[in-house]
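Trainee: Residue-level listing of the chains:
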Amino acid sequence: MERSLVSVVDDDESVRESLPDLLAQLGFAVKAFSSAEEFLASDSVGQTRCLIVDVVMPGMTGIELQRELILRRRRIPIVFITAHRDETIRPHLLDAGAAEILFKPFSEMALREALNAALELR
Amino acid sequence: MGGCPATDEGVGVIETVDVTPWPRRLAGTSGVVLLVLGLTVLVGWFFHVAALFQLEPQWPPVTRNAAACFVLSGLALLIVTLKKPNWLVFACGGIVGALSLLTIVEYVFGVNAGIDELLGPAYVTVTLSTRGRMYPPAATCFAIAAIALLLAPKISSKRYTLALALSGSIVAAVGIATSMSFALGSSDAFGWGTATRATPLTAVGLLVFGIGILALAWHVEQPRTWIPRWLPISVTIAVATSTVGLWQALVADGFAPFGRLPAVVLGGGCLMAPILGWTVYLAQRAHTQAVTLRRNEAFLEKVQQVSSTGGFYWWPAAGKVFWSEQVYRIFELDPAAPLTPELRQSRIHPDDLPAHREAVQQALRDARDFEYEIRLLMPDKSVKYVHALSQATRDPDGNLLYVGAVQDVTQRRLSELALGRVRSELAHIARVTTLGAFTASIAHEVNQPLSGIITNASTCLLMLGADPPNIEGARDTARRTIRDGHRASEIITKLRALYSRKDPTLEAVDLNEAAREVIALSLSDLQRNRVVLRTELAIGLPPVRGDRVQLQQVVLNLLRNASDAMSAVDDRPRDLLVRTERDDGDGVRLSVRDAGVGFAPEAEARFFGAFYTTKPDGMGLGLSVSRSIVERHRGRLWATRNDGPGATFSFSLPHIPS
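Residue numbers (this note's numbering), protein chains in the order written: chain A, 1 to 122; chain B, 1 to 658.
Just so you know, the hints here were simulated from the structure itself, not pulled from any lab data. Some hints here could point you the wrong way.
[Stated by the list, open to error] Derived DEER-like restraints, expressed as beta-carbon distance ranges:
| no. | chain 1 | residue 1 | chain 2 | residue 2 | range |
| --- | --- | --- | --- | --- | --- |
| 1 | B | Arg-483 | A | Ile-89 | 51 to 61 Å |
| 2 | A | Ile-89 | B | Val-409 | 49 to 59 Å |
| 3 | A | Arg-112 | B | Arg-483 | 19 to 29 Å |
[As the list claims (entries may be wrong)] A short list of chain A residues far from chain B (calculated; beta carbon distances all over 12 Å):
| no. | residue |
| --- | --- |
| 4 | Arg-16 |
| 5 | Gly-59 |
| 6 | Ile-63 |
| 7 | Arg-90 |
| 8 | His-92 |
| 9 | Ala-117 |
Ideal placement from N, C-alpha and C gives every residue a C-beta, glycine not left out.
Okay, chain A solo, but in the shape it has when bound (with noise of 0.2 Å):
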C-alpha cells in the first residue's frame, strides 16, 4: 500500500526535524518544508494528501497558504499548528475549511486523531 504523503511546513527548525520522523513512525510519508513559498513551488504539491502547516511564519503566513491553495482549487485537508495558544483564531479556521487546529506543544494522540479526521475529509 501507497503510504499517503503529508507535507509539514513551519519556520522552526526543531519542528521540521521531528515532526517528520514522528509521522514516518506513524505511518505517513512526509515532506518538510521551512516556508509556503517552498512548499508552493515544490512538486509535492499535487501529492500532498494533507498539510501540517504553521500559522504563524515570516513572508507568507499559514492562513495566507490556506487560501492560495483554495485560489488554485487544491482541496488539500490542512491541520494547523501554533504555538500562540489562542483559542480565538479556531473558529475563524474551521469555516476557512482547516481540519483541526493544534496548539503547540501536542501530544502523540491529539496529531494521531487530528490527521485521521483531515484524511476522512477527502
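Starting from the known structure of chain A, fit chain B onto it as the hints suggest.
Mentor: Then chain B, alone, in the frame of chain A:
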C-alpha cells in the same frame, strides 16, 4: 467726570461717585441774584429812585460802576455754569476786570482815569470821596473774581479749583465782614479813612458773589469725599475776615464799654481761624482715610470671595481667634454667633480631628510657620477640603500670634481624587496588559522547544516500541529532546535579560534632592493617610553615583511601606521621619522611620525575599526589588526596630570621593 471716576486707582468698579447737582445750581442762582441786584441798582440810578441803590438816605449809594460789575459778573457766573458760550464769559470778565483794576489804580496813585461817571452822573454822593467811584474792597474783589472767571472756561481741572476757591473765599469773606459791620450798625466800617464807604447792598452782593464762586469751584472739583480739599483754607479766611469785620465795626463805632474789647476780639478771632481750619482739615483727612479704608476692605473682601480664601488671626496662648467673613462662609458658620473652640471643632471631619489636634499642639509648641490640609464635615454631610497656611509672628505685647489664610480647595481636591482614581486604574490596566503581553511572548517562545521535546519523546517511544526496536533512531530523538530542553532554558535566560536586566544609567545623584522630589510627589498620598511627615536632610551631603530614578523608586517604596505600616495606627500620631546623614566611613545614609506596627525579630530575614508581604493587596516585591537596586549600587538596605513603636528602614550608598 462722575461717569468714569477713579480709573487711575484700578478699583473703580467697587465705588462710583455721582455728580452732585447742588453746587452748580447754587452757582447759577448766585449769578441770577447778582444780575437782578445790579440791574435794580442801575434802574434806580436811571429813574432817580434812590431807595433802589441807597436803601437809607444816610448810607452811601451803590455806584453805577459797581452795579455794572455785579451785572456782568452775575452774567459770567451764569454762563460758566451753563458751559457756553466762552467768548461772552471773556467779554464780561474782561470789562469787570478793566473797571475794577482801573479803580484800584485811581485809588493807589490818586489819579482820575475818567471812568467813575462813565455810565452817568453820580447825583447822590453821600460819603463818596470821589463822585461815582467804587468802594475800594469791592474793586479788589471784582478784580480777583474777574481773573478767576476769565480762567474758568479755559481750565476745568482740579488744580484750577484751588485758585477759584481762594478767590471765592476772599470775596465772600469781604462780603461777610462788611455785612457784619452793617448788622452791628456801623456804616463807617472799612471806610479806609477818606475813601468811599461800603454799602449794605454791595456787602450782600459780594457775599452772594463769593458764595457763587465757591459753589462753582465745588462743582468743578466734584470732590470724591464729602468736602473739597480747599475747604480748610476757605474756613480759615472766612473766620479771620469775619473777625476783622467785627473788629472794624467795634473800632468804628467807638464801642467802648470795655476799652480792650476790639483787640481781644481781633486776637481771639485770628487765633481761632487757623485752629478751625486745621480742625476742618483733620476731619477731612479722617474722612478720606475712612473712605480709603472702606474701599480697601471691600476690595479685600471681594478678593477673598473670588479666591475662596479667608484670613485669620490666632493667639494660641489666649485661645483667641479672629476670622474674616470668608472663613465663616467656608465653615458655614454665622459670623454673629460667638466663635467657641467647640463650634470650630464641630465642623472638622472626625477622621481629621487627631491630625488637626496634633497640628495645633505643634503650633503651640514650636511657634513655627505651618501648612496643612484638613477636611470639614458640613451639617448636610458634605465634605470640604481646606488648605490652611500660617505664619508665626508676635503681637505688640510679644505674644505668639499666627496670621494665616484658609482656602477652600474642595473643587481642586475632588478633581485630583478623580484624576488619581483614573490614573491608578490606568496604571493597573497598563500593568495587566504589559503582563499579558509578557506572558504571551514567554509562552510562545517556550512552547516551540517544548513542542519539539514532546514530539521527539513520542517518536522515541514509538521507535523503541517497534519490532524490532529502532535503537539508533530512538537515540537520535532522545538527543534531540535534550537539545530542545536546553533551548527552552536558553530562551528563559534570554527573556530574563530582556525584561529585568536594564543597565542603570549612572550619574551623580544628590540624595537630598532625589528624596525631596519623591516626598513632593507622595505628599498628598501621605496627607490622605494622615501621616505627619518630618524631614531632617543633612546639609552638604556628598553626591552618590547611581541611577536617579531607581534610587527614587527605593525611597518611594520605603515611604509607601512606612505609610502602610501606620494605616492601622489610631492611638498615636502617624509620625514619619525621613533623614539623610553621612554614614561612618565613605557612605551616605537615608533612613525612613515610622511609628507603625513594627515587626517581629524573626521576620527580618524574610522581609527582603520576593513575595513576602503583610498587605492583602501587595505583591511583596517592593523590599526585594529595593534591596536588589541598592545592592546593584554597591550599597546595602536593612531594617531596625525602633525603641518606641515602629521600624526604621535605611539604606546606605558609597558617595563619590570628593
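Trainee: All hints are to be evaluated individually against the structure, with a verdict given for each.
Mentor: Hints, verified against the model:
The hinted range of 51 to 61 Å is not satisfied by Arg-483 (chain B) and Ile-89 (chain A), whose Cβ atoms lie roughly 30 Å apart. Checked against the hint of 49 to 59 Å, the C-beta distance between Ile-89 (chain A) and Val-409 (chain B) comes to roughly 53 Å, which is consistent with it. For the pair Arg-112 (chain A) and Arg-483 (chain B), the supplied restraint of 19 to 29 Å holds, since their beta-carbon distance comes to about 25 Å. The claim that Arg-16 (chain A) lies off the interface is violated: its Cβ sits roughly 10 Å from the closest Cβ of chain B, which falls inside the 12 Å cut-off.
Under the 12 Å C-beta cut-off, the non-interface status given to Gly-59 (chain A) relative to chain B holds; the minimum distance is some 18 Å. Listed as outside the interface, Ile-63 (chain A) is consistent with that label: its C-beta sits roughly 17 Å from the nearest C-beta of chain B, beyond the 12 Å cut-off. With a least beta-carbon separation of about 16 Å from chain B, Arg-90 (chain A) lies farther than 12 Å from that chain, consistent with its non-interface assignment. Its beta-carbon lying about 18 Å from the closest one in chain B, His-92 (chain A) satisfies the requirement of being farther than 12 Å from that chain.
The beta carbon of Ala-117 (chain A) is kept farther than 12 Å from every beta carbon of chain B, the shortest such distance being approximately 19 Å.
Of the numbered hints stated above, those contradicted by the structure are hints 1, 4, listed in ascending order.
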